[in-house]
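Student: One letter stands for each residue in the lines below.
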Amino acid sequence: MLELKNVNWTLPDGSVIIHNLSVTIPEGKLTVVTGPNGGGKTTLAKLLAGLVTPTSGQIYFDGKDITNLDVTERARMGISYGFQTPVRFKGLTVQGLLETAAGRFLSFDEICDLTGKVGLCTVDYIDRDVDASLSGGEIKRVEIASVLARGTRVSIFDEPEAGIDMWSFNGLVEVFKDLKQKGTTMMVISHQQRLLDIADEIIVLSAGELRDQGPKDEVMPGLLAGEIAGHCPVGRRETA
Amino acid sequence: MTIVPLNPIAEKMLSTVADFKGEFKGAYNIRQDTGCAGRRSTENIKILPHSEGKPGIEIHVAPGTKNESVYIPATVTRGNVNDLTYNDFYIGEGAQVVIVAGCGVHTDDGGEAKHNGVHRFFVGKGADVLYEEKHIGEGGGEGRRRIDPVSDIYLEEDARMTMDTVQLGGVDSTDRLTTASLKARSKLIVRERLLTTGSQVAKTRFDVVLEGDDSGCDLVSRSVARGQSRQEFLSRVVGKARCHGHSACDAIVDDQAVVTAAPQLDAFSPDAALVHEAAIGKIAGEQILKLRTLGLTEEEAEAKIVEGFLK
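Protein chains in written order, with my numbering: chain A, 55 to 294; chain B, 374 to 684.
To be clear, the hints were calculated from the coordinates, so they are not data collected in a lab. Be aware that one or more of the hints could be misleading.
Derived, one-sided and incomplete: chain A residues facing chain B with beta-carbon distance under 8 Å [said to hold, decoys possible]:
1. A103
2. V106
3. T107
4. P108
5. R130
6. T154
7. A155
8. S200
9. G237
10. T238
Yeah, the Cβ is synthetic: ideal placement off N, Cα and C, and Gly gets one too.
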């Protein structure tokens, strides 16, 4: 489905953020990407969505090389990306943002459905500007709803749990389960055990390199052992 | 005042600036090329010639009037017209009224089309006024389109006035001056939106004096400056009592346009809380990026952001 082959991404000052990364996001599955802070997870998401271009290496979508396609082209191919830190707009309402995402007018019921899934009461939010008046948790939910509104084949979420209270988190888990059932290909960057629990696949990134990838049941034991030992996740490949 | 038939250019501009659909409901006065193209008073809203003999009208809203509207649009439909009008509004105690005061200037004969509206608002105790104003310029040729409104506002105790003003294109030059004096517990809210392109020039000045305890103002100007256009935002808020004053200038600047914001806050009381915010810059790159992840092109994203910003 989505595949990175020998991808490198280096900052202008020479700092290596992603190093020779080859990884596949399988179709119709929930892949959770985890690993220590600064390990390159958000950069991986941005590479897939086209927000950054690899210094070298290729990115494929359904076998087609999309390395040089820009953000808009990838969005139109069916790749959606929910920002880790959502962007605020003066004058753009929640309804306006969701309709922009959907590419069409949305009925009140449709907006209700979207905002309800992320735990927002539609009546209170439909006319609110997506600006500084929204709290961190509120804008994060709107961001997730904007990805849901697109209904694309691929959805990438960057730490969707950030700022979401524990009561709403249950609902969020249900949203991902629902998308999974509908066959949406998902890549979710997360450190949350409950999201790791519903993953099909887990990717562990550390220091810009792939430390592990595989079915949840195979990767989780190593992750938990690393946590208990208090070390960075070294992954099976290094310990094998 | 000369009675003139409504012409098609004026009618088209009226539909844009005052949502005219062949008639207005309630009281109205239509000004066209210094003449009068229609007037109607109602039981509670009387429109009369200016009592000091100046060109213009007086609008008297009876005390206690509820949920009524008055339309006073003005149009200039040809060049070499310099229209000056004095409109005085007397809003009775406790009245609630909407004033729609759009202005359109059109010239395509090479001459300048200019409208100067000098408005005074005497808002009685506890009255609540919503003032809506849209400005546009139309036509071709070398003739400049100018609109220079002056608004002097006097708010009595517990009165409230909201000014919602929009200028979205075609006006070559505008110089807007708003002054206000607020008594105890009265409130002035201003929402101004402005778009300038090409070599257009726009100047906005506010001079608000918060005289009474617990009076307050909230002046917010949002603008977009493109091309070689120039904008100037000057605001002065004076606090003479226990009051709250807030002014904000938020501008998106592009191309070779120039935006200047110069706030002034004068506190003559230790209990005056006065704040000014100004933010001038190009469209945030991350906003464009977010909309592109939703499938918009860069141009579509920019248009969407500007549309929302000036909404």
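Student: Run every hint past the structure and note whether it holds.
Tutor: Cross-check of the supplied hints:
Look at A/A103: its Cβ gets to within about 6 Å of chain B, closer than 8 Å, so that hint holds up. With a cut of 8 Å, the hint placing A/V106 at the interface with chain B is violated, because the nearest CB-to-CB distance is about 11 Å. Proximity of A/T107 to chain B is violated relative to the hint, the smallest CB-CB distance being about 13 Å (cut-off 8 Å). Given hint, A/P108 at the interface with chain B, is violated; its Cβ is 17 Å from that chain's nearest Cβ, farther than 8 Å.
Interface restraint check for A/R130: the shortest CB-CB distance to chain B comes to about 5 Å, inside 8 Å, so the restraint holds. For A/T154, the shortest C-beta to C-beta distance to chain B is roughly 5 Å, which falls under 8 Å, so the interface hint holds. Given hint, A/A155 at the interface with chain B, holds; its Cβ is 5 Å from that chain's nearest Cβ, closer than 8 Å. Restraint check, A/S200 versus chain B: the minimum CB separation of about 7 Å is within 8 Å; hint holds.
At about 21 Å, the closest approach between the beta carbon of A/G237 and any beta carbon in chain B exceeds 8 Å, and the interface hint on this residue is violated. Below 8 Å, beta-carbon pairs count as interface contacts, and A/T238 has none with chain B, the closest being about 16 Å; its hint is therefore violated.
Hint violations for this structure: numbers 2, 3, 4, 9 and 10, all remaining hints satisfied.
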